[in-house]
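Chemist: Here are the chains, one letter per residue:
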Amino acid sequence: MYSNDRCTWSFINLLHTCFSQGAAVITSARTYADFTTQATFEIKKCDVFKLDEGPATQVVLTRDEGLQYYRTMQTMRRMELKADQLYKQKIIRGFCHLYDGQEACAVGIEASINLSDHLITAYRAHGYTYTRGGTVKEIMAELTGRRGGIAKGKGGSMHMYCKHFYGGNGIVGAQVPLGAGVALACKYQGNNELCVCLYGDGAANQGQIFETYNMAALWKLPVIFICENNRYGMGTSVERAAASTDYFKRGEFIPGLRVDGMDVLCVREATRFAADHCRSGKGPILMELQTYRYHGHSMSDPGVSYRTREEIQEVRSKSDPISMLKDRMLSNNMASVEELKEIDVEVRKEIEDAAQFATTDPEPPLEELCNHIFCDMPSLEVRGTNPWAKLKSVS
Amino acid sequence: MRDFHRSAPAAVQMTVRDALNQAMDEELERDERVFLLGEEVAQYDGAYKVSRGLWKKYGDKRIIDTPISEINVLLQAGLRPICEFMTFNFSMQAIDQIINSAAKTYYMSAGLQSVPIVFRGPNGASAGVAAQHSQCFAAWYGHCPGLKVVSPWNSEDAKGLLKSAIRDENPVVVLENELLYGVPFEMSEEAQSKDFTIPIGKAKIERQGNSITLVAHSRYVGHCLDAAAVLAKEGIECEVINLRTIRPMDVESIETSVMKTNHLVTVEGGWPQFGIGAEICARIMEGPAFNYLDSPVTRVTGVDIPMPYAKILEDHSLPQVKDIIFSVKKTLNI
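Chains A and B are the protein sequences, given in the same order.
Residue 2 in our numbering sits at position 2 of the first sequence, and the numbers go up by one each step.
Numbers given in our numbering equal positions in the second sequence, counted from 1, plus 1000.
Just so you know, these hints were derived from the structure itself, not from any lab.
All C-beta atoms in this analysis are idealised placements derived from N, C-alpha and C, irrespective of residue type, glycine included.
Please note that the accuracy of each hint is not assured.
Below are the DSBU-like pairs computed for lysine-lysine, each with C-alpha atoms no more than 30 Å apart in a straight line [stated by the list, open to error]:
1) 137(A) / 1311(B)
2) 1049(B) / 82(A)
3) 137(A) / 90(A)
These stretches of chain B come out as covered by chain A in the derived footprint (C-beta under 8 Å, 3 or more residues) [what the hints assert, rightly or not]:
4) 1037-1043
5) 1089-1101
6) 1122-1134
7) 1194-1204
8) 1227-1240
9) 1291-1300
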């Protein structure tokens, strides 16, 4: 396990020198048996609304869980930064809304639900596509519009789907009624599954969300509404958009939690609490995750005309989700610096390989232009740009 | 004694974005009742920077940032709002209000309540923004009595039509095009005036020709002119008509042209079914120009599919100049 770290290199060189000079050196290598297998952490208490109790504040994190969350968040982080790079090189085009800073939300949520549950979100969706089972390769190839993309190049950044993950939706707020619909299907089929339905602080003012709250509560649908409040709806701060910024209370008759969205353990615990609530037949619940995006709204927004660089820097240095987890694990002897560095190296390589694939995979073939208009239909004729252009659609 | 050498009136280059900005600036200054509302129009200077500088100049009362609530289309009694949609795709969230409240009210009230409102924003395909952000709404809005619908191509169109829209007592939908925002066009001295307006409901002949008539709106006017330049080298002279207004459509201009050239090709970015070209075909058949046609009208349109993301697929989903050239030749049986 050679890392790029200079200290380690010189240490290894020293060892080598010693060995070659015949000296017997007893190296104190850290074996995995030296690490703490689990530790208990005190996490921030959630604000509650219409609830007698909230999620636990004392939580247990195992070493394995910690390493997994670390790897997943780091993968998401690096993937988004690579997307930034590719966008600036014009290899990714159109809209690109990046998720870096918000990793704890996607990872924490997934930690407390099953892959057999359902999830839907809006356009800041690359992270969720990953936690729901998409591979970095498929995601990046979709961003570059290639045939190996998760939607075969047809969807792009905002329209990625996989099993039990319904995108990836471009119209602000429109995914919320859809999420409740999925929850209705779960209840109808009695399969004990639930739907996690995400939206942002900007979308929270859409009327269709309130219509959805009403129906979900009325019919006791197993839906966890989650507002990812990253403080800005594009360039508009929450104070300038909402009469009430207590997003967790806006379900009025739906119980709510306000959660520290930068702490993966907080998110995990709150989601566990919310999932229990839904699965016990109590109906919907609403979680507000207080989080932050480092990038602007999208790649065409520098993100500094409506907020200060100091603010962004402050969040990065004090509340970064990955750093928070790393510090916890290191200070409780749950992992070593080298081990985490190794993960970083592996992640970097995975991202590089995926980017390589995403930039070399060919574009989708023209024959597929019209495919998948209808489901279950034998070959259909489609009009091209002029009456003599008769194209074919196959599903 | 030497004669004064007078140069021609100075034309300037102006982007469509700046032309729209100038139109709004002039109308805001001219009439206190005019104001602009929409997402990011004020402090952000506009999602596509069309309203740049206006909030700084006119302040909170006249330039209003709204939450993401398209349906907040306000029937501001006595005022003259300009309502910006970040793209017309989002107007679907408010389309009930646009049709049922804005378009129909003057009729339902037998003339008591007018609705002098402007809905504006980018329409149609952009570059790589995929299925939910690329739809053309010309046919949808053009379908409804009570609405006026304009679709500017160049900077003069943009300024003149937007100013007319703002001054109009009726609800007007202004379908702009994101890809044209940054394109500079020549603005005549006349167009630079604060009183410059273009009448709604009148098309413009951008290029005279005898061989065939090409009719388009918005970006595809440019494509038609490009095709015409190529075809001219082969002796085919296209007459290019810039519709400018979708509703009420200037069918007369098209008829006059067809009665001269005997051939017609329509070009649009939207889908073929029930579209602009389809309407033009029907109107030509119903009028005097039908008897002058030497071949059926050809429609060049977007491909009948949701917009794909991948560049190669997107490029093949919309009319290209070569499609227009091909269609002209087929129509002329060359």
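Chemist: Could you work out which of the previously given hints the structure breaks and list their numbers from low to high?
Modeler: 7 and 8
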